[in-house]
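Visitor: Quick mapping for you: the protein sequence lines, in order, are chains A and G.
My numbering puts the first residue of the first sequence at 1, with every later residue one more than the last.
My numbering puts the first residue of the second sequence at 1, with every later residue one more than the last.
Derived by calculation from the structure, the hints in this document are not laboratory data.
One or more of the hints may lead you astray.
It does not matter which identical chain is used: a pair holds within one copy or between any two.
To be verified - Cut-off 20 angstroms, straight-line C-alpha distance, at most; resulting in silico cross-link-like pairs (EDC-like, lysine to aspartate or glutamate): (1) K37 <-> D11; (2) K103 <-> D77; (3) K103 <-> E140; (4) K38 <-> E137.
Just so we're clear, the structure is a prediction, and the values are computed from it rather than from any experiment.
Now for the letters of each chain:
There are 2 protein chains.
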Amino acid sequence: MPRPIVSPEIDGLIQQLAKLPGLGPRSARRAVLHLLKKGPSVMEPLARALSETAATIRSCSICGNLDSNDPCHICTDPRRDPAIICVVEDVSDLWALERTAFKGRYHILGGVLSALDGVGPEDLNIASLIERAGLPETQEMILAMNATVDGQTTAHYITDRLHNTGVKVTRLAHGVPVGGELDYLDDGTLSAAMNARLPF
Amino acid sequence: MPRPIVSPEIDGLIQQLAKLPGLGPRSARRAVLHLLKKGPSVMEPLARALSETAATIRSCSICGNLDSNDPCHICTDPRRDPAIICVVEDVSDLWALERTAFKGRYHILGGVLSALDGVGPEDLNIASLIERAGLPETQEMILAMNATVDGQTTAHYITDRLHNTGVKVTRLAHGVPVGGELDYLDDGTLSAAMNARLPF
Numbered sequence: 001m002p003r004p005i006v007s008p009e010i011d012g013l014i015q016q017l018a019k020l021p022g023l024g025p026r027s028a029r030r031a032v033l034h035l036l037k038k039g040p041s042v043m044e045p046l047a048r049a050l051s052e053t054a055a056t057i058r059s060c061s062i063c064g065n066l067d068s069n070d071p072c073h074i075c076t077d078p079r080r081d082p083a084i085i086c087v088v089e090d091v092s093d094l095w096a097l098e099r100t101a102f103k104g105r106y107h108i109l110g111g112v113l114s115a116l117d118g119v120g121p122e123d124l125n126i127a128s129l130i131e132r133a134g135l136p137e138t139q140e141m142i143l144a145m146n147a148t149v150d151g152q153t154t155a156h157y158i159t160d161r162l163h164n165t166g167v168k169v170t171r172l173a174h175g176v177p178v179g180g181e182l183d184y185l186d187d188g189t190l191s192a193a194m195n196a197r198l199p200f
Numbered sequence: 001m002p003r004p005i006v007s008p009e010i011d012g013l014i015q016q017l018a019k020l021p022g023l024g025p026r027s028a029r030r031a032v033l034h035l036l037k038k039g040p041s042v043m044e045p046l047a048r049a050l051s052e053t054a055a056t057i058r059s060c061s062i063c064g065n066l067d068s069n070d071p072c073h074i075c076t077d078p079r080r081d082p083a084i085i086c087v088v089e090d091v092s093d094l095w096a097l098e099r100t101a102f103k104g105r106y107h108i109l110g111g112v113l114s115a116l117d118g119v120g121p122e123d124l125n126i127a128s129l130i131e132r133a134g135l136p137e138t139q140e141m142i143l144a145m146n147a148t149v150d151g152q153t154t155a156h157y158i159t160d161r162l163h164n165t166g167v168k169v170t171r172l173a174h175g176v177p178v179g180g181e182l183d184y185l186d187d188g189t190l191s192a193a194m195n196a197r198l199p200f
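Given the sequences, and given the hints that come with them, work out the whole structure.
Guide: Below, the structure is given as structure tokens:
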């Protein structure tokens with residue numbers, strides 16, 4: 001921009017918010033204007049929440065989850081079954097699966113194998129996964145990678161690595177989304193749903 | 001949600017961000033996850049920017065602009081022409097007009113007249129506008145309200161109030177947007193552009 005149209009404080013705040021995913025310069029301006037109109041009673045708690053979160057949140061040394069405790073509240077929860085470990089790409093996938101009734105524990109890879117992006121097994125939390133597979137309580141690993149090429153390549157690689165551990169390896173079911181219309185479904189999903197048909 | 005899936009710090013941050021315009025629960029989760037991955041080096045400056053802005057920004061007592069100084073940097077800038085005052089609904093309109101080459105000053109109404117929402121003249125910064133119209137340096141007022149029914153009602157009301165002040169009252173031109181295609185334009189704009197045609 002040719003000249004500062006707002007005070008440097010506001011401009012700095014807009015530029016920082018504009019870097020968040022889902023927000024561009026225009027929506028960052030709208031958000032900042034909203035905050036300015038609400039005033040310190042809204043901005044101060046947000047600033048405090050940010051500092052507190054920045055100060056307390058760390059990565060769980062067992063599963064890689066983000067939490068204020070290490071090990072995280074899922075790894076230390078005695079009601080969660082340590083026999084079943086759900087392996088996911090990212091914390092966002094853990095958050096998504098936590099909205100299901102899953103009561104096992106998790107392992108976060110921190111990404112997927114990708115020849116294109118130069119991501120190899122040593123860049124992911126795979127060594128610690130193999131280690132957890134060797135623990136006496138571990139019985140099943142659910143590979144819940146995204147249904148992308150890289151995700152499925154990673155799942156195949158992990159299946160190979162887990163081959164001799166005696167741990168049962170499963171994957172999420174493919175099929176018709178609940179509430180979805182067949183007409184709008186891609187052919188691959190529809191074929192998978194047909195092949196995996198169940199007695200009514 | 002039936003149970004906390006994330007630590008209370010993260011959850012609180014998500015809920016506060018989800019209240020911003022343009023962000024819902026899902027995009028707030030994405031934004032928070034992005035912040036958590038970037039860590040304190042990104043979160044701390046954002047928290048600081050928020051507190052500093054909350055502490056320093058106030059409303060300009062002359063024009064209603066939001067700035068760290070009162071009067072604001074536009075009202076005190078000697079290079080800006082005090083003879084021309086652009087009247088806008090909101091600070092966001094001022095920010096938009098500051099991207100043009102306009103070199104006059106502003107007056108922010110803080111809304112528009114609305115019988116439906118019960119907004120009357122006394123709820124807007126109209127008294128101070130009339131006062132500014134009476135100052136010897138004021139020569140022109142540009143009514144840059146939105147081209148909505150309420151915006152235009154407000155413009156008409158202000159025109160009436162300014163009738164006897166001797167100040168020239170103007171409005172923004174209607175017409176074809178620069179880069180716009182005639183075929184996609186609404187009929188009202190197209191008619192206005194035709195009626196306001198200029199020699200080539």
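Visitor: Find the hints from earlier in the document that the structure breaks and name them by number, from lowest to highest.
Guide: 4
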